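K.L.:
Order-wise, the sequence lines are chains A and B. Just so we're aligned, residue 533 is where the first sequence starts under the numbering used here, counting upward by one. Just so we're aligned, residue 533 is where the second sequence starts under the numbering used here, counting upward by one.
Treat the hints as calculated values from the structure; they're not laboratory data. Please note that the accuracy of each hint is not assured.
No copy labels: a pair is met if it fits in one copy or bridges any two.
Mimicking EDC-like on lysine to aspartate or glutamate, the simulated pairs with C-alpha atoms at most 20 Å apart in a straight line are [to be verified]:
| no. | residue 1 | residue 2 |
| --- | --- | --- |
| 1 | Lys842 | Asp536 |
| 2 | Lys881 | Asp536 |
| 3 | Lys778 | Glu819 |
| 4 | Lys842 | Glu680 |
| 5 | Lys818 | Glu615 |
| 6 | Lys787 | Glu617 |
| 7 | Lys587 | Glu680 |
| 8 | Lys794 | Asp739 |
| 9 | Lys598 | Glu657 |
| 10 | Lys671 | Glu692 |
Being a predicted model, the structure only gives us computed values, none of them experimental.
Protein chains: 2
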Amino acid sequence: MWNDNQLLELLNIHHPIIQAGMAGGVTTPALVAAVSNAGGLGTLGAGYMKPETMKESIQGIKDLTKSPFGVNVFVPENPYATEKEIGEANRLLEPFRNELGIKEETKPQVDECLFENQINILIEERVPVCSFTFGIPPKGIIQDLKNEGIVLIGTATTVEEAILNEQYGMDTVVAQGSEAGGHRGTFSNSYNQSMIGTMSLVPQVADQLNIPLIAAGGIMDGRGVRASIVLGADGAQLGTAFVTCKESGAKPQHKEAILHTKETEAVITRSFSGKPARGITNTFVKEMEGHERKLLDYPLQNSLTKGIRKEAAKQNRPEFMSLWSGQSPRLSRSVSAAEIVQSIVAQTKRIKS
Amino acid sequence: MWNDNQLLELLNIHHPIIQAGMAGGVTTPALVAAVSNAGGLGTLGAGYMKPETMKESIQGIKDLTKSPFGVNVFVPENPYATEKEIGEANRLLEPFRNELGIKEETKPQVDECLFENQINILIEERVPVCSFTFGIPPKGIIQDLKNEGIVLIGTATTVEEAILNEQYGMDTVVAQGSEAGGHRGTFSNSYNQSMIGTMSLVPQVADQLNIPLIAAGGIMDGRGVRASIVLGADGAQLGTAFVTCKESGAKPQHKEAILHTKETEAVITRSFSGKPARGITNTFVKEMEGHERKLLDYPLQNSLTKGIRKEAAKQNRPEFMSLWSGQSPRLSRSVSAAEIVQSIVAQTKRIKS
């Protein structure tokens with residue numbers, strides 16, 4: 533069914549189904565390995581991971597699968613905030629900290645060497661595939677990874693960003709439509725003007741690229757995967773579909789929220805991290821609306837809200853958690869990762885078109 | 533290729549390709565008839581049309597085709613604005629009127645009997661198909677049209693709106709994804725939370741409906757039409773693809789703008805009509821940004837900006853015109869309507885998936 537598919541050859545996988553490298557503990561080694569063992573590409577979401585944790589996770593994955601897998605990392609940014617701006621952003625968060633009984637105000641903490649240290653681990657561990665979000669890494673790093681035979685996946689939210697990814701040497705690129713859950717990968721165009729729906733983004737990107745293309749955004753089942761290929765992609769990346777699966781490390785409240793929500797509830801918010809991301813609206817998102825200007829830039833805001841998100845999960849208060857979800861939550865299911873992959877493959881074969 | 537397609541049977545057409553009933557003079561009788569003669573469903577965009585103009589256009593279409601065609605009308609709203617609000621909205625428009633040499637301030641003019649009079653014409657002329665935007669008409673009107681054997685198409689931007697359309701007796705419904713050009717058809721959910729991408733909207737609606745489903749939003753070619761069907765729709769509605777075609781009555785500046793723009797330039801604005809609509813950003817859209825609260829509700833704002841839009845077209849000033857476009861302008865072509873339909877049919881046959 534996937535004849536002449538360059539992506540399968542490039543990634544050395546059986547089915548053009550990629551599990552997105554979601555950060556925040558969703559992508560357990562068990563999840564990543566289950567997807568890879570089922571013939572797709574599992575991906576460790578290492579965006580915020582400390583190098584030592586990342587190393588452990590990679591070794592955990594290797595213990596569970598002999599198939600290729602990927603690791604996703606975030607291309608870093610180094611924003612600046614004045615003491616006054618930090619104070620204002622903290623004051624906005626005060627009511628939530630009080631509600632949860634969190635005492636201290638937080639100074640944003642950013643490890644400026646994180647990315648380089650992560651890259652070193654990827655090379656040491658010779659991971660098969662590395663994907664990037666929030667930009668394209670420096671040419672030196674691209675070359676180092678390529679020299680090790682690591683396949684590189686870029687992320688684009690516009691045609692221009694996709695072309696840049698190809699020009700800089702990415703082996704394949706994910707075109708992330710506006711339906712996608714979690715963070716927007718936008719790095720070149722303005723956020724507002726980069727909310728391109730998957731139906732529009734994929735064929736327009738496909739017309740411009742020479743490297744294989746992976747569609748993302750709103751894809752949850754065989755219909756979405758096959759539609760992606762019809763639109764000109766070589767495969768599809770699914771995030772939300774795997775958040776609710778058995779092996780996912782997502783908080784139970786997060787899984788439940790996705791399984792019981794509607795497409796209209798998955799909104800874009802900058803309130804958790806400073807970068808636009810799609811998640812299920814709740815008290816935190818609503819209360820922060822209208823205060824956009826006082827939020828710190830990513831990743832400073834992310835650092836400020838970390839304690840709130842963690843404590844909210846502990847106290848079972850989903851109204852203060854980041855509940856990332858794409859726009860197709862009605863298609864979510866609580867099954868094993870292997871079953872998701874298998875049912876997609878079976879469904880794509882059945883579809884009449 | 534379109535075996536067992538209920539939509540083809542319902543509309544009595546050969547190909548599941550519907551030309552959207554765009555208002556503002558785009559849908560000339562020549563365009564509507566060309567699409568219907570090619571085996572799709574042409575649609576007259578009669579949203580703002582006076583009954584007598586509408587009647588003439590319908591008769592013009594009948595002279596050019598024996599095949600079924602549709603007429604699109606807007607379900608009316610009756611908003612109110614105080615003198616003060618009208619004054620403020622007019623002051624916002626002053627710089628544009630000055631620039632174009634338009635003298636008088638405008639009182640918003642709304643014909644409250646327009647919709648009923650339009651319905652009467654549809655019945656008199658026994659049009660084959662009628663489609664609605666901005667809501668569901670009263671039950672009495674639905675019954676009157678059905679009694680005449682007129683097939684009814686509703687518009688939905690969320691799953692909930694699609695279900696309402698079925699419950700109220702529509703024969704089929706267009707699921708309008710966020711990629712779509714022109715006005716959002718939203719009538720039940722909030723505008724912000726109804727920007728659901730086509731890739732997400734179509735399968736989630738398909739799972740809930742018993743009537744045939746038409747996908748819309750970002751669809752421009754055979755890839756989009758076939759992807760729509762893979763996602764669970766029975767056909768696709770295309771707007772922007774037909775704006776640039778030879779028979780379209782769109783202003784030359786509008787056609788040129790679509791043919792030469794990028795997906796990132798097609799933004800949502802309320803500035804022209806009071807309702808959110810997607811068009812190519814220009815001076816007017818940018819200058820009106822940040823003044824959202826001072827805009828009148830639809831259709832009052834539409835009435836206020838009419839003179840500006842008209843005069844701008846006359847003076848060849850596209851920077852003040854409404855340049856409606858979906859998010860796939862890179863796929864637009866300047867060919868005949870028949871060629872668009874034929875190339876879609878040919879392409880859907882060629883696609884490997």
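K.L.:
Now tell me, hint by hint, if it's right for this structure.
P.N.:
The hints, checked one at a time:
For the homomeric pair lysine 842 and aspartate 536, neither the shortest alpha-carbon distance inside one copy (45 Å) nor that between copies (52 Å) is at most 20 Å. In the homo-oligomer, the alpha carbons of lysine 881 and aspartate 536 lie at most 20 Å apart both inside one protomer (16 Å) and across protomers (18 Å), since each shortest distance falls under that limit. For the homomeric pair lysine 778 and glutamate 819, neither the shortest alpha-carbon distance inside one copy (32 Å) nor that between copies (50 Å) is at most 20 Å. When the C-alpha separation of lysine 842 and glutamate 680 is checked against a cutoff of 20 Å, the pair qualifies neither within a copy, at 37 Å, nor between copies, at 62 Å.
In this homomeric assembly, lysine 818 and glutamate 615 never come within 20 Å of each other (Cα to Cα): the closest approach is 26 Å inside a single copy and 33 Å across copies. Within a single copy, lysine 787 and glutamate 617 get their C-alpha atoms no closer than 34 Å, and across copies no closer than 46 Å, so neither meets the 20 Å cut-off. Taking identical chains as interchangeable, the C-alpha atoms of lysine 587 and glutamate 680 lie at most 20 Å apart only when both belong to the same chain, with a minimum of 17 Å there against 71 Å between chains. Taking the shortest alpha-carbon separations for lysine 794 and aspartate 739, only the inter-copy value of 13 Å comes in at or below 20 Å, while the best intra-copy value is 33 Å.
Taking the closest pair of Cα atoms, lysine 598 and glutamate 657 come within 20 Å of each other only inside a single copy of the chain (14 Å); across copies the shortest separation is 69 Å, beyond that limit. Proximity of lysine 671 to glutamate 692 under the C-alpha cut-off of 20 Å is restricted to the intra-copy arrangement: shortest distance 18 Å within a copy versus 48 Å between copies.
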